[in-house]
Amino acid sequence: MTGLGCPADLPICNPFQYLHQLVAAILGAILPEPILTILVTALSIGMVTTLVAIIVMSQVWAERRVVGFMQGRLGPNRVGPAGLLQSVADAVKLLAKEIIIPYQADRGPFLLAPLLVLVPSLIVWSVIPWGPGLSVTDLNVGVLFVLAMGAFPTIGILTAGWSSGNKYAVLGGMRAAAQLISYEIPMVLIVMVPVIIAGSMSLGGIVQAQSVAWFVFFLPVGPIALLLFLIAGIAEVNRSPFDLPEAESEIVAGFHTEYSGMAFALFFLAEYANTFAVSAMATVLFFGGWTGPVLPPFLWFFIKAYVVFLALVWVRATLPRMRYDQLMRVAWKVALPVALLTVGATAAEVSLRAMAA
Amino acid sequence: MAEVAWAIPLCPLVAFVIISLGARRSPGFSAALSIVAVAVSLVLAVGVIADVLAGGHVEQSRVWIPAPAIAGPIVPLNAAALQSGAAPQPFSIGFQVDALTAVMLLVVTSISFVVQIYSLGYMRGDSGFARYYAFLSLFSMSMLGLVLANNFLALFVFWELVGLCSYLLIGHWHERPAAAEAAKKAFIVTRAGDVGLLLGVLFLYWHAGTFAFGDIAQMAADGRIPAGALTVGILLVFCGAVGKSAQFPLHVWLPDAMEGPTPVSALIHAATMVAAGVYLMARTFPILEHSSTAMAVVATIGGFTAFFAATMGLVSTDIKRVLAYSTVSQLGYMMLAIGIGAMSAGVFHLFNHAFFKALLFLCAGSVIHLVETNEMFEMGGLGRRLPLTTITMTIAALSLAGLPPLSGFWSKDEILGAALAGHPILFVLALATVGMTAFYMFRVIFLTFSGSFRGTGHVESHGEPISMALSLVILVIPSIISGFWGMPFAGNPFGRLVSGSAESTGFHPVVATSSVIVALLGIGIAWVMYGGGRIEAGAGLSARIAPLHQLLIRRYYLDDLYEWLVARVFLGIGRLAATFDAEVIDGAVNGTGALTVLIGGSLRRIQTGQVQTYAWALFAGILVLAVLLAGLRLER
Amino acid sequence: MPTALPPLYPITLQHGLVLGAALFSLGMIGALTKRNAIEILMSIEVMLNGVMVTFISFARHAQGPALGGQIFAIFIMTVAAAEAAVGLAIVIAVYRLRRSVAVDTVNSLQG
Amino acid sequence: MPTELLVAGGFYTFAVLAILGSIALILSRVIFRSALSLTLVLASVAGAYVVLGADFLAVVQILVYVGAIMVLIIFGIMLTPQQVVLETARDPGKAVAGVAVAAAVFVVTTGVLLGSTWPRSNPTPVDMPTTAILGEGLLTTFGLPFELASILLLLAMIGAIVIAREE
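Protein chains in written order, with the numbering used here: chain A, 503 to 859; chain B, 173 to 808; chain C, 61 to 171; chain D, 1190 to 1356.
Read the hints as simulated data drawn from the structure, not as lab findings.
Backbone N, C-alpha and C fix where the C-beta goes; we use that ideal spot for every residue, glycine too.
A portion of the hints provided could be inaccurate.
Claimed, not checked - Using C-beta positions, here's what the derived DEER-type ranges look like: (1) A526/A - R805/B: 35 to 43 Å; (2) R159/C - L541/A: 54 to 62 Å; (3) I1208/D - R156/C: 29 to 37 Å; (4) F742/B - L1337/D: 54 to 62 Å.
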């Protein structure tokens, strides 16, 4: 099934199927079936990962430029046209740097931590639908899967903090863990709002349920749920104003104080991958995903996700960092009760509408 | 109306519960509640008796404990009973209404009603006023339940409740040592009889497999219960009646029970407590009549008690004690009647006796209320101060003495007539009792009301309080006329109703004449000795026959005998048991404890405090169990 | 990617049961030999996971759509979460009191 | 055939990972590494759940165990900092006894499990969305246990707070 304005035979509209056909055409004769499937899947994942890397680079540039403009300065503009190649330059620099492992560090966990943070962030992308049928896999429990993958980075951050052998790192790790656990609860609850409305936990199913109206317009709970989702999402990815785990004014750089070179780059990559994942999830859950007129569906998806991302950038540029107790108070005394009420109200509204229908 | 007879005991019960739950804070309301409840019961009882007169008879049962729960080795029927096809019946609880029950309902509710009204005046200002009324209600409920019960089991429950209530009421002034002692005595002595009753009930169940009166009587009539067993069983049941109705040798509690408030004495003597024993024998009469041995025992004990108690009444100087002995004596009459087969005559006497004895007690209460003593030698000349009491008490005394046409005459005459028919010795005893009864009653009348006041201090005459006067007036009417219901000239409708037979006992001119003469003789002797309130003649006579007088005053030394028994024999056994308990049983218990401590002391070493050791032991234990179970499965 | 399990299924019930038993036993070794209370808690989690694997295997091979085994697993997970919370609270309280989380130093209940 | 291989390969991979993780948990002398090993065990078990047709539970396993219980445990480790490295089993006798009992339990359990005839050893395919079935079961047949589990969680929460609170 395809969306408006995108014929199925165009490779760009259906890249996974195209990839499968291509591989089958070239290697089908030599390789037996299971290996072929595994190969195609691996290639699909590689495609997605590459895409994410490209997106992240664009995001880093966009964020620096936008924040720069918002703060009345230019931002990066030296490397490439309008500074577009700045991210590439940064990446090259980080790749070239040495990965310093402190004497006090526990070597194995120290090196494992960035992977524990990054890999789940990338796995999340395998279930996000770019367009109709455009995801590596559409799980029945896709929503929960995304949330579950969000649990691993916590372990990764704690590992990074502990294995660095640095008290600031430990403090940052513990802050991160406490924050993630606290906001995980309203997050899980609020994600249930679109799930209840759509009657499905599959991301594709949720998008299709919004072909009539976006869930953000499911009044009155839609906007409240979106707001809570964004708050919890920002907290989950440790962005300002909830970036206490890496609060440089208090604990240097938090859990990644001791990281350098490519290891640091992986944390950096993961953070932006997660940020964009939050934007993409907001798009899927509240803004109708890839649905939209005229343009190809995947384009609609990226436009919407980017708008959400820019809103997050806006928030970052505007709000100061919160104090730790404020952060916790918001989580337990505001977000959690409101989320509970919202879920209850959603359930009530859905059943009332079903009765009325 | 008979179908709702179960509601009759329910009314006082409700009153009791409400008073206990909180209404007791308001004495006036408690009393009103109690009186209204018993009044409703009285109305219902009148309705019931109307039904019964029209030929109604109701028996309803409900299973209480189902048969399977009591089958098997718990309730072993004896082999003979099993062969005769008796199976354990479920324990049921139920009520029945027949003539006997209806009469008793009427007696109990009416006497309770009057007594409760009387108590309004008599107990005014008592600190336990509400409690008193609560227990009166409970007492009425128990007795009403007792007469409604259709089987031994239910009867026994109410029987014990009656005992409990009498204990509570006799000990109403429990702060007085004498009252507390009397209450305990009443409770313990009747309990001695109750043991017999319980054994008898179980014994009969063992043989008959049922508790129901009707079923047991039917089996006795069919000869399905061995004669010996029947005799033993019914005599054991009679033990209960002996205790409750204060028959020789368990009569000792009743005179002491005078420590309770006088209205309570009236209730106990007329309607509730002591009547229960006579009622029990009347109720079980269909069983009793199949055992001539038991009949003879009942008649003998009854006749002897009648005579024996009357002799003690001759010398007592306490007005209430005289009445108490007279009650014992009259109960003996009733037992005598039942024992010689004149059941309906006994019940008739119970019926009549209830009214005039209640009246006597209430009159005595009125007197005591005025002079605040029980000693007759400190009274005298009260006739002018309490004219109503004097008149009513004299009527009641005449009725008790058996002078026509008052009620006592008719029932007493019927009993004497029946005794003369086959038991000349008992007849002589009974006739002598008639004379003694007349004597001691009029001794009371003369000493109390005639002559001049012998007591110390000034007695203010305020007449009887209105509620007390009203009660006396109410009761004097049945004391006069209730006998006409069983008049032989009218065909003895009462006897036919209760016994259920068509034939009526005739009038015995000889018996009637002789008993009236003997009674008049007794009154005459009383006049000669005490007329005008003189006490010197009596004192002179007692001085001349001092040993006999002493014997009577000391109540044949029976109380002393019991006291000696308790103090020496029982306490001796008790001390022995206490020593055994302290040395042997406590020794064993302490030894067990010491052994446990010893074992525990050595076993505590395996408590290492190491959680993992415990967990290890846990898993190892599970492992052993699993291996054992697997082994068992393989074996199979 | 196939989303429905194929009817042909090389993994039998016994596979899952043996995996469950192995996890249970390994967890038991940890629970019986480790000295650190937190490690013991972790070992107990492994044991609980072994039990859950067993239940889920039964659910997979049982007849009917009720999935009682999986529901049992959910309850086990609930209990595991409660156990972890209370267990860690106790460990922290003990640590605060004695500056140690070694279980063999906590033996006040020795007989 | 190919999916069969996939399924078998998946199961064996996850099973081996889980068992290796458990062994690492036992052998590691650094408690934080034990915790990471436990994370591996939990994730592998979740993978095994997917193979065994419990996709919802797999996700919940990660969400609850990795997301909550593991984080709690690591918290506990960090809050008891003087005990990062503890000698395992000072008493070798205890270790030997523990391993012996555990091994015996494994042998007996496996023997019983493999020796028994189970009523149904033929796998029946389950339609994948187990979520709906589980939800219905939890709200109908298992409604009471479900409520009791909620109360248990609440009590555990209160209890944990009370026990760990600093006076």
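Between R159/C and L541/A, does the C-beta distance stay in 54 to 62 Å? Because 56 Å falls inside the window, the suggested range holds.
Range hint 35 to 43 Å (beta carbons of A526/A and R805/B) holds or violated: violated, 55 Å
Given a hinted range of 54 to 62 Å, is it respected by the beta-carbon distance of F742/B and L1337/D? Since F742/B and L1337/D have Cβ atoms about 59 Å apart, the given range 54 to 62 Å holds.
Hint says 29 to 37 Å; check whether the CB-CB distance for I1208/D and R156/C agrees. With Cβ atoms ~36 Å apart, the hint holds.
Of the numbered hints stated above, the single one contradicted by the structure is hint 1.
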